[in-house]
Amino acid sequence: MLRLLRTMWTIRAFEEKVSELFGRREVHGLLHLSIGQEAVAAGACAALRTTDRVVSGHRPHGHAIAKGVDIASLFAELAGRETGCCRGKGGSMHLAAPTTGFVTATGIVGGNVALALGVAFACKEREKQEVAAVFFGDGAGQSGAFHESLNIAALWKLPLLFICENNGYAEFTPLSAHTPISQLARHAETYGIPSATVDGNDVLAVRTAISDAAARARAGGGPSFIECMTYRLRGHYEGDPAKYRELSELSDWKTKDPIRRFAATLVKKGTCTHEQMRAVEAEARASVEAAAQKASTGAWPSVDEVTTLVYAG
Amino acid sequence: MREITYAEAKVEALRDVMRADRRVCLIGSYFLGLSPRRVLLEDIRKEFPGRVFDPPISEGGVCGLAVGAAMAGLRPIVDVTTASFLFHGFPQVINEAANVRYMSGGQLSAPVVFHILHGLRGGGAAQHSHSPQAMLWNTPGLEIALPASPRDVKGLLAEAVHSDNPTIVVDHARLFEVKGEVPEELFSIPFGRAEVKRNGRDVTIVASSLMVQRALEAAGTAVAEGIDAEVVDLRTLVPLDKQTVLTSIAKTGRLVVVDECHRSCGVAAEIAALAAEEGFSQLKAPVKRVATLDVPVPFSQPLERYIEPTAEKILATIREIMR
Ligand SMILES: Cc1ncc(C[n+]2csc(CCOP(=O)(O)OP(=O)(O)O)c2C)c(N)n1
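Chains C and A, in that order, give the protein sequences. Every letter in the first sequence is one number past the one before it in our numbering, and letter 305, counting from 1, is 305. Every letter in the second sequence is one number past the one before it in our numbering, and letter 214, counting from 1, is 527.
Possibly wrong hints are sitting among the right ones.
What the hints assert, rightly or not - 30 Å max Cα-Cα, derived BS3-like pairs, lysine-lysine:
no., chain 1, residue 1, chain 2, residue 2
1, C, K256, C, K268
2, A, K492, C, K243
3, C, K17, C, K243
4, C, K243, A, K359
5, C, K256, C, K269
Quick caveat, the hints were computed from the structure, so don't treat them as lab data. For clarity, every value in this text was computed on a predicted model and none was experimentally measured.
Make the full structure from the sequences, and use the hints.
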């Protein structure tokens with residue numbers, strides 16, 4: 001239980017720090033924060049094994065952290081340093097750390113879903129009972145790649161968990177401007193894929209749904225679709241004034257903050273004390289600070305690096 | 314004449330073509346990217362309710378819709394936003410729009426405009442920094458316009474809408490703040506007319522899009538070294554104004570081509586081939602290219618700056634060719 005809380009706090013602290021560093025121009029590029037959506041990453045990855053494979057999209061920090069990617073290497077990547085998980089070549093939207101099971105993120109909306117299809121295909125071919133999971137937003141649900149992937153995953157019974165983070169917006173417009181369908185899980189029904197729509201700000205609900213889906217996939221039951229209803233508390237990207245949504249909507253969702261909610265539940269149930277809760281937050285913040293500090297001393301890639309790794313060999 | 318910004322001229326063009334032609338509609342509306350100037354587009358939304366559409370993230374469907382609508386008589390302008398996303402519409406752009414007139418024996422045409430923002434943007438990394446104009450140029454049937462000044466963006470956008478061919482307007486967010494003189498009324502700049510943006514006698518710099526501004530900067534600095542560079546802005550790749558390029562080479566005898574595409578098979582390569590085939594006897598020195606290095610665009614800022622065709626690199630190349 002405390003592990004779930006620690007993961008969520010680590011993601012939150014990481015992204016708050018990223019925002020601060022962005023303000024000081026120490027990290028750059030197009031940054032999409034997942035503040036408010038931490039329960040999806042933490043709950044889902046807690047239900048997966050280390051050997052399971054995760055693919056993410058343009059809002060990937062939380063998924064990478066929850067899958068166990070080294071935080072200092074993430075900070076360094078966002079700053080474009082050589083010590084970054086991708087040697088500074090990828091940046092925020094293109095994180096990758098395959099040895100942790102975090103295969104890759106992609107900046108191409110919908111592209112992640114198709115890539116994950118292939119990762120699941122490889123899992124199945126290897127017959128190791130590994131599963132693949134893909135995180136994507138509600139906006140991706142309108143892409144061709146998404147619909148093609150649902151069909152193939154169902155047809156070939158691939159061990160793939162479609163994890164939709166329905167935060168109600170794609171960039172600056174609400175879901176209703178993009179599709180007449182309010183629950184994306186309904187697309188899964190069309191293809192006979194088992195689906196569930198859960199409260200994405202309830203980390204335990206997410207974990208349970210993903211556990212069930214992973215068990216089904218391991219048993220040869222094919223793909224599942226889990227739609228997590230959530231909300232991003234920040235703008236679409238760092239610097240987005242987010243004038244397209246009502247303040248009341250924002251404050252309403254703030255009361256449903258997944259971290260504070262889970263902490264309160266734990267205290268209420270007597271699982272732990274207030275002091276322990278605060279200690280978890282403090283530890284997470286301290287480890288994030290230390291990682292940021294470590295990353296800030298990383299070297300810049302030398303310009304000779306620019307032509308390396310374009311091809312194998 | 315009044316001076317306005319590139320961003321203002323662009324929005325004015327959209328407004329004027331919509332006023333002039335009821336067949337024009339906008340599919341997508343981030344013509345000014347994420348620039349703070351994008352608020353200017355609000356006026357267009359207000360003035361033309363029902364003619365501005367915000368599509369879902371379905372580039373394949375959206376580009377196909379626009380091509381089909383154009384075949385059926387409309388004049389849609391599709392904002393694909395970042396050029397890299399055009400790849401998701403390639404089946405419709407390359408395989409349908411570009412071919413339809415030819416394949417139908419002239420019965421059909423697809424007078425659609427695709428708008429993209431190309432190039433390095435500072436941290437866009439490999440997936441949000443493409444300059445696909447050379448790839449597009451390798452597809453017969455598409456017209457390609459690349460404005461580089463406030464006046465040109467207004468005139469070329471208008472011409473793109475009038476054109477009976479599918480046209481790609483390849484724009485660059487780093488041009489939005491450039492200021493210049495722009496006529497108030499709606500006007501078109503005919504395609505296939507390059508413009509000499511700076512007269513000079515020592516060396517010709519051929520460029521397009523943002524690279525025109527960089528070339529002008531380099532040419533300005535070169536004056537202090539006694540080098541008088543001529544800057545030719547292609548303005549459209551298709552149709553290509555060979556004559557203006559060849560005339561300039563005949564005058565200066567030296568050619569530097571500046572291009573934000575990757576070096577291999579880029580726009581610069583084609584212009585160099587033109588010089589080799591049709592201007593060889595005029596050349597006093599081998600043609601030189603200043604282009605983006607042949608690597609995926611790196612995220613890290615020191616690396617991104619290293620691969621970029623900058624004014625300094627253009628200047629260094631001018632010095633070299635003058636030696
Ligand atoms: C193919 C493609 N088209 C457009 C974009 C630009 N873009 C980046 S994020 C985004 C919205 C994505 O919305 P959603 O999938 O709901 O994820 P969220 O941002 O809400 O996490 C868009 C349109 C892109 N990156 N890729």
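Consistency of the hints with the structure:
A C-alpha spacing of about 16 Å is found between K256 of chain C and K268 of chain C, which places the hinted pair at or below 30 Å, so the restraint holds. Under the criterion of a C-alpha separation no larger than 30 Å, the hint pairing K492 of chain A with K243 of chain C is consistent with the structure, at around 29 Å. Between K17 of chain C and K243 of chain C the alpha-carbon distance is near 23 Å, which keeps this suggested pair within the 30 Å criterion. Between K243 of chain C and K359 of chain A, the direct Cα distance comes to roughly 17 Å. Compliance with the 30 Å bound is thereby established for this hinted pair.
The suggested pairing of K256 of chain C with K269 of chain C holds, with an alpha-carbon distance near 18 Å, which does not exceed 30 Å.
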